[in-house]
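Read off the chains here:
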Amino acid sequence: MNLQPTTLQKIDEVITHYPVKRSATLPLLHLVQEDLGWISPEAMEWIAAKLELQPINIYEVVTFYPMFRQKPIGRRHIKVCRTLSCALTGGYKVCAEFQKQFGSQPGAVSADGEVTIDFVECLASCGTGPVVMIDDDLHVKVDLARAQQLSAQIKAGAKARSTP
Amino acid sequence: MPAPDQHRLIFAHIDEPGYSHDLACYQKHGGYAVMKRAFARKPEELIDEVKRSGLRGRGGAGFPCGVKWSLVDRKSGKPIYLIVNADESEPGTFKDRYIIHQDPHQLLEGTLIACFANNVKQAYIYIRGEMPLGARILEKAIAEARAANLVGPNILGTSYSCEIYVHRGAGAYICGEETGLIESLEGKRANPRIKPPYFPAVLGLYQCPTIVNNVETLCHVKHIADMGGEAYTKIGTPNNTGTRIFCVSGHVQRPGYYEFEAGKITLGQLLYEVCGGPLPGRAFKAVIPGGSSAKILRFGERFKGKRKVGAELVDYDWGVEDVPMDFDSLGMIGTMGGSGGVIVMDDSVNMVEALANINAFYAHESCGQCTPCREGSLWMKKITTRMVHGTARAEDAALLKSVADQIPGRTICAFGEACSWPTQSFLAKFGDEFKNYSETKQGSPAPATLI
Ligand SMILES: Cc1cc2nc3c(=O)[nH]c(=O)nc-3n(C[C@H](O)[C@H](O)[C@H](O)COP(=O)(O)O)c2cc1C
Ligand code: SF4
Ligand code: FES
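These protein sequence lines are chains A and B, in that order.
Residue 117 in numbering that gives the first Met the number 0 sits at position 118 of the first sequence; the count goes up by one each step and never skips.
Residue 155 in numbering that gives the first Met the number 0 sits at position 156 of the second sequence; the count goes up by one each step and never skips.
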């Protein structure tokens with residue numbers, strides 16, 4: 000486990016927010032995932048030890064909550080809302096467009112390792128559908144043209160990195 | 000009759016140019032003055048103001064907030080916790096998002112007043128995981144408030160101390176249900192608890208008395224403390240006091256969030272005038288008035304009965320357009336005001352596809368503890384999915400109904416009802432579209448791209 004010093008600091012701080020250590024399970028999982036990108040079996044054991052729990056206590060939480068990942072994802076994470084209001088305004092088409100742009104299926108990492116597309120449930124911005132979250136940023140009213148634009152930006156970012 | 004003007008109480012500063020989410024801006028607009036005055040009063044008086052106000056919870060059930068607070072076990076000697084429900088997970092609902100992102104101090108002030116009134120020393124804001132920016136804004140707001148002695152020990156020099164922390168969820172809808180939320184905050188799977196005995200007011204977080212209130216509800220508390228419970232009842236209609244924020248999505252010209260006095264605007268005024276009516280060349284077909292689990296209404300159907308107006312019983316004969324937007328009126332016509340999420344569908348929508356979309360949501364989100372909910376939601380999804388994909392069977396409509404009818408009342412939490420109501424109401428209102436699906440196998444009209 001190679002967590003950055005700032006992550007370790009945040010972990011120690013967040014545990015103090017609760018009278019019972021176990022409550023820090025979700026915050027620790029978030030912090031570890033933000034740092035390492037995913038939750039490995041080793042990470043689960045580490046968190047369990049940190050909170051004086053059994054690894055199963057962490058494992059059952061990781062498997063319950065959709066946001067925790069047990070394998071690495073692409074460098075950018077594209078989440079397209081699947082639920083009704085977005086679907087009514089074209090969410091399915093938008094998801095298909097991202098799939099076409101990156102040649103990958105929902106849940107899988109694209110061949111070049113750049114993106115993972117997920118078709119997720121309601122993101123609580125239904126009035127501006129279709130909505131898409133890319134990493135931590137919400138994009139609203141994403142029609143096909145906007146999806147293409149966003150894809151181009153992601154591709155340009157990838158290119159910039161590979162040609163220093 | 001023309002629609003009334005919006006009455007922006009909670010959303011007074013939302014989208015106001017120049018209004019920012021930092022403390023300085025909030026204080027420039029009079030922020031925390033209400034809290035200061037409230038802290039000079041007796042906590043019981045504040046609870047009385049909230050009772051008198053008639054405030055009903057904005058998270059979904061519309062339960063009277065003052066009553067909820069009076070159920071809290073204050074004799075146990077255990078600490079009392081307050082949890083702000085910022086999970087905003089009911090599809091079609093997006094009001095709390097704007098409060099959190101644009102006016103977080105309003106929420107903190109309301110929360111602190113509620114905490115003071117109930118002698119709470121520790122509050123948590125449970126925010127859905129998909130709002131990382133919102134969580135950061137709230138954390139920054141709390142840090143600012145702490146630096147200004149508005150949160151933490153001896154607030155404003157009084158003997159009252161209160162801490163607030165932000166706790167992030169991780170993408171599970173069931174964390175919106177209050178006992179599932181509590182389990183999640185304890186670091187476990189969000190499996191809702193059985194009531195009784197686990198009423199949060201008695202056995203909540205860490206088995207201590209706990210108040211769970213929605214973000215918007217707590218903002219209303221601030222305004223009630225400001226104007227007084229009596230004055231608050233002058234806004235809205237009897238038993239549906241205050242304002243309501245409607246989140247309109249789907250097939251209207253101007254989707255968005257609109258705040259009106261509760262019960263003073265009809266569904267028709269909201270959709271035609273405020274939201275600009277259907278998209279060009281389209282007509283409204285159906286509307287879900289209170290979040291995706293609320294029972295659907297079909298344009299053209301009529302509702303008749305008697306209702307109380309003041310002390311008298313009067314007849315009503317309403318079309319969908321005529322229904323006043325309040326908890327009681329929507330309840331009377333067999334649906335609910337719920338969380339205020341109004342989802343609109345026009346005549347391009349194939350109702351089987353729309354239901355298949357909703358059923359996929361509930362099947363994905365069932366926590367899995369109760370067999371009727373776990374299996375039933377999955378079967379409803381499977382049946383509607385196969386209908387959409389052209390392999391419908393003759394018995395499917397009847398089968399769907401029979402599965403849906405066997406869930407409500409047989410589960411630990413209200414998710415059981417929430418997942419069966421869409422199927423029950425779609426079949427009741429649009430049975431014709433479902434019945435002969437296996438023979439007609441209607442293709443969806445061109446713009447509909449649901450599944
Ligand atoms: C399945 C389910 C999901 C819910 N989701 C939410 C939610 O996202 N936000 C919320 O405030 N209340 C939600 N509720 C209602 C809460 O259980 C609880 O009643 C509410 O937070 C109480 O706050 P209030 O009295 O201020 O409305 C949900 C209830 C159920 C049964
Ligand atoms: S009704 Fe559904 S969501 Fe609620 S506890 Fe039972 S299985 Fe879980
Ligand atoms: S349905 Fe897409 S954000 Fe709610």
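Hints listed in this document are in silico derivations from the structure and should not be mistaken for laboratory results.
On a predicted model such as this, the values are computed, not experimentally measured, just so you know.
One thing to keep in mind: the hints can contain errors.
[As the list claims (entries may be wrong)] Below, a list of computed lysine to aspartate or glutamate pairs in the EDC-like style, where the Cα atoms sit at most 16 Å apart:
#, chain 1, residue 1, chain 2, residue 2
1, A, K20, B, E185
2, B, K187, A, D117
3, A, K99, A, D117
4, B, K50, B, D225
5, B, K434, B, E416
6, A, K20, B, E182
Regarding the pair K50 of chain B and D225 of chain B, is the alpha-carbon distance no greater than 16 Å? 14 Å, holds
Has the given pair, K20 of chain A with E185 of chain B, been kept, meaning a C-alpha gap of at most 16 Å? 9 Å, holds
Starting from K20 of chain A, check that the Cα of E182 of chain B is at most 16 Å away, please. Roughly 14 Å separates the two Cα atoms, so the pair holds.
16 Å Cα cutoff - pair K187 of chain B, D117 of chain A: 24 Å, violated
Do the alpha carbons of K99 of chain A and D117 of chain A lie within 16 Å of each other, as the hint requires? 13 Å, holds
Just to be careful, I want the Cα atoms of K434 of chain B and E416 of chain B compared with a cutoff of 16 Å; is the pair within it? Answer violated: K434 of chain B to E416 of chain B is near 23 Å, above 16 Å.
Hints 2, 5, counting from the list given before, are not met by this structure.
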